[in-house]
Amino acid sequence: MLPGVGYFLVFHYGALFGNVIAFKDYVPFIGVWDSPWVGVENFTSLMGNTQFWHAAWNTVSIAGLQLLFYFPAPLALALLLHSLAGDTIRRFVQSVVYLPHFISWVIVVALFQQVLGDVGVLNGVLADNGLTTIDIIGNPDAYRPLVIAQIIWKECGWGTIIFLAALTNVNEQLYEAAAIDGANAWRRFWHVTLPAIRPVVILLLILRLGDILTVGFEQFFLQRNAVGPGAGEVLDTFVFYTGIGSGNFGTATAAGLMKGAIGLILVYSANKIAHRLGEQGVYKSR
Amino acid sequence: MSSQRPIWMGKPRLVTRIAKGIALFIVVMLVIFPFWTIVATSIATPEEVVANGGWVVIPETISFAAYTDILRGGVITNALTVSAGITLVGTATSLLATIFLAYALARPNVVGGRPILLLVLFTFLFPPAMIPSFLVVKETGLFDSYAALILPVLINVFNLVVMRGFFQGVPGELIEAARLDGAGDFRILTRIILPLSKAVVAVIGLFYAVSYWNSFFNAIIYLDDTSKWPIQAVLRQYVSQGAALADTSEATMVNSPQSVKMAVVVLATVPIILVYPFIQRFFTKGVLTGAIKS
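Here the protein sequences come in this chain order: W and R. Take the first sequence: its letter number 251 is residue 250 in numbering that gives the first Met the number 0, and every next letter is one higher. Take the second sequence: its letter number 45 is residue 44 in numbering that gives the first Met the number 0, and every next letter is one higher.
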């Protein structure tokens, strides 16, 4: 037990304490402790930083698109899988679609380059048929649809697990009763299936909302240079390039801290709203 | 036969069945096809790859030249060894630390159990930020050491919570009986709880192994010495960023960049594909029992 607690104290609470440098003018040579306090100067300079606002806008818009397209995707796939009667086919499809979850982002990006890049499969086929090739990787305008497609490809299958579990837990008698009352397949889906999995959907939605400023780091870090910071910068990569990249530790920490604090507030309020709506939410408030 | 269609679910219409079939086929192909072209390109001859515009679906002549080239020793071989080492050591230590802490937090009436649990759960809501973590690694002197790839990510809170939930599911009477027979905590853990928790240990072990094998970012920020880089970090440099291999032992990289690059991708993926079928049957069981309880 002690090593575990020690780990949390050093690497989580140590890092939490390290956030104080957001209020300091951090000088690496004299350390965190002795660096002078500067109050909220790092935050005010952040407010005037156009790159920061740019990254924030990219983050929020990508998060919005994720919510719109990536969030419902596993639910749709789960409903499709659930509607299959044959176990063998369903198991096979499941094994295949879980796989990308275990592949690193480096490889996912490489796969997408191989298929969609300028010398990739898609453009090869287009060129062979005398059509104009399209530049997808490295095109700032295509960046957002690309990153959404990537995350759906990688995580959609894995995301079905929880929905499938919820679907198998639906009380079968409800279906029978509905069928006896004359409800057709569509009405049974609408009035039995959907209400039954509503709590799970809402729970995941809350978790997603709380995490909304974290659109994913590795994926964006890997591809930022291909499209340039204009389209590719998100808050997490901004923190990296400002802090570790350019040594602007105070500003970067301030940005990271703000992101964390907003996330915390978002989870808390989303949970409150869920309680109001009569759902269980992530945790029970007393 | 295998279809246990419930009585209220009539046989779907032919159109629906065809539509479903097509949809599933597309989904499966979307996953398999990219992997297939990577493998095919890596075993094609360089000439064929160039003639075909950089990729191959069905290679005419199969050649493992790309593999023998990069496994001859040099950057890739070295990076693969580093990754394997980090994955083995990291998975073992993470699993042990998680099991011990999960056991302690799962037992009722442990002194300080509840505050520690809250302490741990809070980090889930407010995870450590990048810059402060970086500074902690620097100040603890882990910088540029392999330990920097393991210690900062030793315990994953989600895995811990899943494991704890599973341990709590072990019947209390069993543990009480063992205690009456004079078994200590260590014996209870190794003789009773772990044998009953094989599925969850396997799944969480896999999760840790995958995350160690796939990690590249910690290596990039914590290891200045690029000769210590694991395979994913090296892969990013040569494949995603398109840098040429500086190491001269891979001279053919210049001649057949694409098939060699794809061979590196295959090697970086293979361990996962190999373990996957063995552990896959535990997924739903392991993940859900834990997740639902917590």
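Hints were generated in silico from the structure; no laboratory data involved. A quick note: this is a predicted structure, and the numbers were derived from the prediction, not measured. It is possible that some hints are incorrect.
Said to hold, decoys possible - Covered stretches of chain R, going by a simulated chain W footprint (3 or more residues, C-beta under 8 Å):
# : segment
1 : 19 to 31
2 : 72 to 86
Stated by the list, open to error - For each label pair, taking beta carbons as the anchor points, the in silico distance ranges come out as:
# : chain 1 : residue 1 : chain 2 : residue 2 : range
3 : W       : Trp56     : R       : Arg178    : 26 to 36 Å
4 : W       : His53     : R       : Lys19     : 36 to 46 Å
5 : R       : Gln167    : W       : Trp56     : 29 to 39 Å
6 : R       : Val274    : W       : Asn224    : 28 to 38 Å
7 : W       : Gly63     : R       : Thr67     : 47 to 57 Å
8 : R       : Val88     : W       : Gly47     : 43 to 53 Å
9 : W       : His53     : R       : Thr60     : 27 to 37 Å
Beta carbons are placed, not taken as given, at the ideal position from N, Cα and C, and that holds for glycine.
Tell me, in ascending order, the numbers of any earlier hints that this structure violates. Of the numbered hints, 2, 3, 5 and 9 do not hold.
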